[in-house]
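Spelled out, the chains give:
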Amino acid sequence: MTDASPDRSRSHPRASGDGFSLAKLLLEGRAFFALIAIIIVFSLLSPYYFSVANFLTMASHVAIFGILAVGMLLVILNGGIDLSVGSTLGFSGVIAGFLMQGVQLTALGVILYPPVWVVAVLVCVLGALVGLVNGVLIAWLKVPAFVATLGMLYVVRGAALLMTNGLTYNDLGGKPELGNTGFEWLGFNRLLDIPVGVLVMAVIALIGSIILNRTAFGRWLYASGGNERAAELSGVPVKRVQVSVYMLSGICASVAGLILSSELTSAGPTAGTSYELTAIAAVVIGGAALTGGRGNIRGTLVGAFVIGFLSDGLVIIGVSAYWQTVFTGAVIVLAVLLNAIQYRRRVKLPSSAGSPPTSPQKDKAQTADPALEKTAG
Amino acid sequence: MNAAPEFEPAAGDTVLAARNIVKTYGGTHALKGVNFDIHRGKVTTLFGENGAGKSTLMKILSGVTTPTSGSIELDGQPVTFSSSSDARDRGISIIHQELSLAPNLSVRDNIFMGREIPGATGVDFAEEARQTRLLMADLEEDIDPMTLVQDLRLGQQQIVEIARALSVDSRILIMDEPTSALSATEVEVLFKVIRDLTARGVSIVYISHHLEEALQITDHAVVLRDGAITATANARHINLEWIVRNMVGENFDLGTPPTGHAFGEIALSVDEVSVADVTSSERLVVDRLSLDVRSGEIVCIYGLMGAGRTELLECIAGRLSAAGGRILLEGKDISRLSIAERIARGLVLVPEDRQRDGLVQTMSVGANLSLASIGAFVKGMFLSRSQERSLVDGSIRDVRVKTAGGGAPIGSLSGGNQQKVVIGKMLTTSPKVMLLDEPSRGIDIGAKAEVFRLLSERAANGLAVVFSTSEVTECLSIAHRIIVMRRGRISAEFGADATKEEIMAASGEAVLSNHEEHRSHYRDRR
Numbered sequence: 573m574t575d576a577s578p579d580r581s582r583s584h585p586r587a588s589g590d591g592f593s594l595a596k597l598l599l600e601g602r603a604f605f606a607l608i609a610i611i612i613v614f615s616l617l618s619p620y621y622f623s624v625a626n627f628l629t630m631a632s633h634v635a636i637f638g639i640l641a642v643g644m645l646l647v648i649l650n651g652g653i654d655l656s657v658g659s660t661l662g663f664s665g666v667i668a669g670f671l672m673q674g675v676q677l678t679a680l681g682v683i684l685y686p687p688v689w690v691v692a693v694l695v696c697v698l699g700a701l702v703g704l705v706n707g708v709l710i711a712w713l714k715v716p717a718f719v720a721t722l723g724m725l726y727v728v729r730g731a732a733l734l735m736t737n738g739l740t741y742n743d744l745g746g747k748p749e750l751g752n753t754g755f756e757w758l759g760f761n762r763l764l765d766i767p768v769g770v771l772v773m774a775v776i777a778l779i780g781s782i783i784l785n786r787t788a789f790g791r792w793l794y795a796s797g798g799n800e801r802a803a804e805l806s807g808v809p810v811k812r813v814q815v816s817v818y819m820l821s822g823i824c825a826s827v828a829g830l831i832l833s834s835e836l837t838s839a840g841p842t843a844g845t846s847y848e849l850t851a852i853a854a855v856v857i858g859g860a861a862l863t864g865g866r867g868n869i870r871g872t873l874v875g876a877f878v879i880g881f882l883s884d885g886l887v888i889i890g891v892s893a894y895w896q897t898v899f900t901g902a903v904i905v906l907a908v909l910l911n912a913i914q915y916r917r918r919v920k921l922p923s924s925a926g927s928p929p930t931s932p933q934k935d936k937a938q939t940a941d942p943a944l945e946k947t948a949g
Numbered sequence: 229m230n231a232a233p234e235f236e237p238a239a240g241d242t243v244l245a246a247r248n249i250v251k252t253y254g255g256t257h258a259l260k261g262v263n264f265d266i267h268r269g270k271v272t273t274l275f276g277e278n279g280a281g282k283s284t285l286m287k288i289l290s291g292v293t294t295p296t297s298g299s300i301e302l303d304g305q306p307v308t309f310s311s312s313s314d315a316r317d318r319g320i321s322i323i324h325q326e327l328s329l330a331p332n333l334s335v336r337d338n339i340f341m342g343r344e345i346p347g348a349t350g351v352d353f354a355e356e357a358r359q360t361r362l363l364m365a366d367l368e369e370d371i372d373p374m375t376l377v378q379d380l381r382l383g384q385q386q387i388v389e390i391a392r393a394l395s396v397d398s399r400i401l402i403m404d405e406p407t408s409a410l411s412a413t414e415v416e417v418l419f420k421v422i423r424d425l426t427a428r429g430v431s432i433v434y435i436s437h438h439l440e441e442a443l444q445i446t447d448h449a450v451v452l453r454d455g456a457i458t459a460t461a462n463a464r465h466i467n468l469e470w471i472v473r474n475m476v477g478e479n480f481d482l483g484t485p486p487t488g489h490a491f492g493e494i495a496l497s498v499d500e501v502s503v504a505d506v507t508s509s510e511r512l513v514v515d516r517l518s519l520d521v522r523s524g525e526i527v528c529i530y531g532l533m534g535a536g537r538t539e540l541l542e543c544i545a546g547r548l549s550a551a552g553g554r555i556l557l558e559g560k561d562i563s564r565l566s567i568a569e570r571i572a573r574g575l576v577l578v579p580e581d582r583q584r585d586g587l588v589q590t591m592s593v594g595a596n597l598s599l600a601s602i603g604a605f606v607k608g609m610f611l612s613r614s615q616e617r618s619l620v621d622g623s624i625r626d627v628r629v630k631t632a633g634g635g636a637p638i639g640s641l642s643g644g645n646q647q648k649v650v651i652g653k654m655l656t657t658s659p660k661v662m663l664l665d666e667p668s669r670g671i672d673i674g675a676k677a678e679v680f681r682l683l684s685e686r687a688a689n690g691l692a693v694v695f696s697t698s699e700v701t702e703c704l705s706i707a708h709r710i711i712v713m714r715r716g717r718i719s720a721e722f723g724a725d726a727t728k729e730e731i732m733a734a735s736g737e738a739v740l741s742n743h744e745e746h747r748s749h750y751r752d753r754r
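Line order of the protein sequences matches chains E and F. Counting in the working numbering, the first sequence runs from 573 upward without gaps. Counting in the working numbering, the second sequence runs from 229 upward without gaps.
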C-alpha cells in the first residue's frame, strides 16, 4: 500500500495507481467489508435505506468528513496528528461569511464585495496559514504535534467566536447586483445528479492519491513517516514535508468549511466542533497506523463512509442518538484493534498502531445531521 | 558444505535439553530438528551466521516463543514454558540482543522493574539501591543506582542489562550478544563475572559475533547453520578456523586492498573538525581532527566505543554540526550544506544502526533502494514507475541483494541483505565519497565479505571509501590505510601491512591475552 511494487492494477475507482493482491484485499479490505455489511443490514432493517437518493444524501454528509480525513491522513502518515481541523473548518466558514457580507475599508470609504471564487481562494489561503503555524511549531520549534494542534484548536475556535461575537452569519446568498452570488452552489447544486460536495471530495481524494503514489513528495511523506532519521539521511527534506502536510490538512479543512457553510447557507463559529475526532476515526478505520508511514486514501475514504453510513443508518431506523454514539465508538475501537492485529503480523517491526490519542466521543447529532448546525451559535 | 559435521559428546550433567526442536515461520524452517544441551556450570557458546536460527532457539529455550514440534527437558523432566516469565520462574533468564531498558527510569528502577522489593511503605527503594550497588561493584562499573539510563553510554546500558539478568539468581543465563557495545576492559570484567557464576553452578549460554572473544570464555561450542547443528566440540579442541569453517562451510577471508588502480585527487578533506558532545558542550567528542581521502582509496577508522568515530562520520555527512573546522569535498567547502545537498554533491553516509537510521521499515525493498535517488526518475511532476523499477532491479543485481523482488517488505530480508539495501540506496546516487559507519555490524561473515568485495570494486572505479569498525580483523581486510581514533583524535595511522597488536595498542585497548597460544594443541578431528 505504500510501496513501489510493480504490477499494480486499478481495482478500485477511488484509488488511482494503487492496487492489491488477494492477501492484501483480505487484510486491507476489512473496512470495505464492514461498509458492505452496514449497507446490507440497514437495507434489511429499513425500506428507505437502499435507494440512490438516500445514498447521495448520505454521501453528501460523508463528504465533509471525507475531505477532512484526506488531509488528516497526510498528517497521520507523517506520524503527526492535527486536532485543529474542526476549528479551522468553523473559522473558514466564518471568514467566508464575513467576506460575503462585504469588507468595509474605512480608509477608502468603500465596501468590497469579493466574488465567490475570490472568497473561496482566500479561505483556502487562511486554512493553509493555520497549517503553516502548526507545521512551523512542530517541525522547527519541536512542539509535539498533539500539543501544537491542540493549542491551535482553541486559538482558531476563539478567533472564530471573536469574529462574530458568537453569532452566526445567516445570509450567504450574496446579491446579483453586487456580483457575489453562487455561494450555495457548493452545498446545494448537483452535477450529473451528484452533490457538488461529493464531487469535491472525489477530486480531493484523487489529487491526494496521485500525490501519495505518483510524486516524489508522496514518497518522501511515506519515508519520513516510516522512519524520519533514515529519510533525513537519504536526503529527504523532512521538515519541509512536515510543514507541507499540515498546510494541506489546513486547506482540506477550509474546503470542508466552505462546503458545510454552503450546505447550511449559514456560517456559525461553532461549526465543526469535534469533527477532527471523526476525521481521525475515519483514517484509523481505513487502516492507517497512528505511528505513521502506513495508510492510503482508499482506506481512509472507506473509513469515512463506514462512519457516515452507520450514523445515518441508525438515524433512519430510529435508534436513539445516545446509542448511536455508543455504536460509533465501538466501531472505532474495533478498527484500532484490527489495525494492531494487522501490524503485529508483520515480522521484525517495532510495535505499531497504538490507540487513538483522544477518546472518540463526539456529539452524534452533529455528525449524523449537519443540518442541526443551522441553529448553532 | 565441505566440512562434515563434527560431534563430540560434552562432559558434565545436562540441565536443560532441547530435543528435535522444529520451528517454522510460514513456509520457512527456522529450526530443523535441533538437539541442544546446556550443561551445569559450563559456558556453552552457540556460533552461527545471521539467520542460522540462534536467536530463534534461544527464544524457545527462554519461553519467548513455542516450538512447532519437539520437546524441552529441564532436569530430565519434560516442560513447556507458557511465557518468558514462566521460564524465569523456573530459573532461566535471557539477556536480549536489543536493549530492553526504560531510558527514562533510573538504573535501580530498571534492574528491579516488575520485581520490586516490597517494603513497609510500598517499595523498599533503599534495599533495591543497596543491591544495585552490589551488582555494580561485581561488574566493576562505577554507576550510581539513581542515574537515569538515558544518561549512560551504550556500553554502560548493556552493563545494566547484564546486571538485571544477574539480579534474578537464575540457574541458566542466556546471553545473546552481551558484549556488542562493551570495551575490552568491560568484556574482561564480564568474563570474570561469568567465571564466578559458572563456579557457583550457573549454566551460561553465550552468543556472540565476536568469535575470538567467545572462544576465550566458552567451555563448549555448538555451531548452527541453516537451522541445523553442524558441529559440537569441547572448546579445548577447537580454534577460530574450525568455527568459521563449520559456520559458513568454506574457507574464505575478508579480502585484500584492491590494487592496480592509481588514487585520484583528494576527494574528501576534513580540516581541523571538532564536534561537541551532545550532553555537555564543553567536551569535544571529535577534537580538531584532520583527514584527507583520495578517490579510489579505502580508509578504515578503528577505535573503541566512544572514540568519536560515529560523531566524525555523522558530522562529515551533515547530521551533526561541527563545532569548528571545515569539510571540503573535491576542494569545495560543504560545511554549511544540508544532508540533501551533500548527497547531491556526492557525499553519502551509510549509518551505524541500519534499523534506526538506515531503513524505512514500512516501505518495500524497492522503495528503500530508490529513496535517496527519487530525482532520477521523476518525469515532470510524477514518478516514472518503469524507470524506478529498472533502477531498483539494477541496484538489486548490483549489490546482490537476495530478495523476492523490489516489492518485498524490507523486514523479510536478513540483516546482511538489509545492509546491502542501505549501501545500494546510497550507491544509486553515484557518490564520490562513501562513508560507512560499522558496515559489518550485526551481519554474518558471508555478508561481511560480500559487502567488502562490493566496496573494493567501487574503490577500483574511483569511489573514495571511509569505513569504521571495532573489529581489528576488518581493518586488515580491504583498507589501504588504517586510522586509529582515540578520544576524538587520530592516535595512529598505518598502512595495510599493520599488525593487530599495533592497531589495538594505538586505540588504547588493553591487549587481550592471546588465546591462540592457549589453543596451540588444536587438532582436526576428521
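The reader is advised that the hints may include incorrect statements.
In silico DSBU-like pairs for lysine-lysine, Cα to Cα no more than 30 Å straight-line [claimed, not checked]: (1) F:K287 <-> F:K630; (2) F:K660 <-> E:K811; (3) F:K287 <-> F:K260; (4) E:K811 <-> E:K714; (5) F:K560 <-> F:K630; (6) F:K420 <-> F:K560; (7) F:K660 <-> F:K630; (8) F:K630 <-> E:K811; (9) F:K260 <-> E:K811.
Bear in mind the hints are in silico, worked out from the structure with no lab data behind them.
Against the structure, the hints come out as follows:
1. For the given pair, K287 (chain F) sits about 26 Å from K630 (chain F) by alpha-carbon distance, which is consistent with the 30 Å threshold.
2. Taken as a hint, the K660 (chain F) and K811 (chain E) pair is honoured in the structure, with Cα atoms around 26 Å apart against an allowance of 30 Å.
3. Only pairs whose Cα atoms come within 30 Å are accepted, and K287 (chain F) paired with K260 (chain F) is accepted, the gap being roughly 15 Å.
4. Straight-line distance between C-alpha atoms of K811 (chain E) and K714 (chain E) comes to about 11 Å, which keeps the hinted pair within the 30 Å bound.
5. Distance check on the hinted pair: K560 (chain F) and K630 (chain F) sit about 38 Å apart at the alpha-carbon level, beyond 30 Å; violated.
6. Taking the CA atoms of K420 (chain F) and K560 (chain F), the gap is near 52 Å; set against the 30 Å cutoff, the hint is violated.
7. Note on K660 (chain F) and K630 (chain F): the hinted pairing holds, with a Cα-Cα distance of about 26 Å set against a maximum of 30 Å.
8. Between K630 (chain F) and K811 (chain E), the direct Cα distance comes to roughly 34 Å. Violation of the 30 Å bound is thereby established for this hinted pair.
9. Between K260 (chain F) and K811 (chain E), the direct Cα distance comes to roughly 48 Å. Violation of the 30 Å bound is thereby established for this hinted pair.
In the structure shown, a violation is registered for the earlier hints numbered 5, 6, 8, 9, in ascending order.
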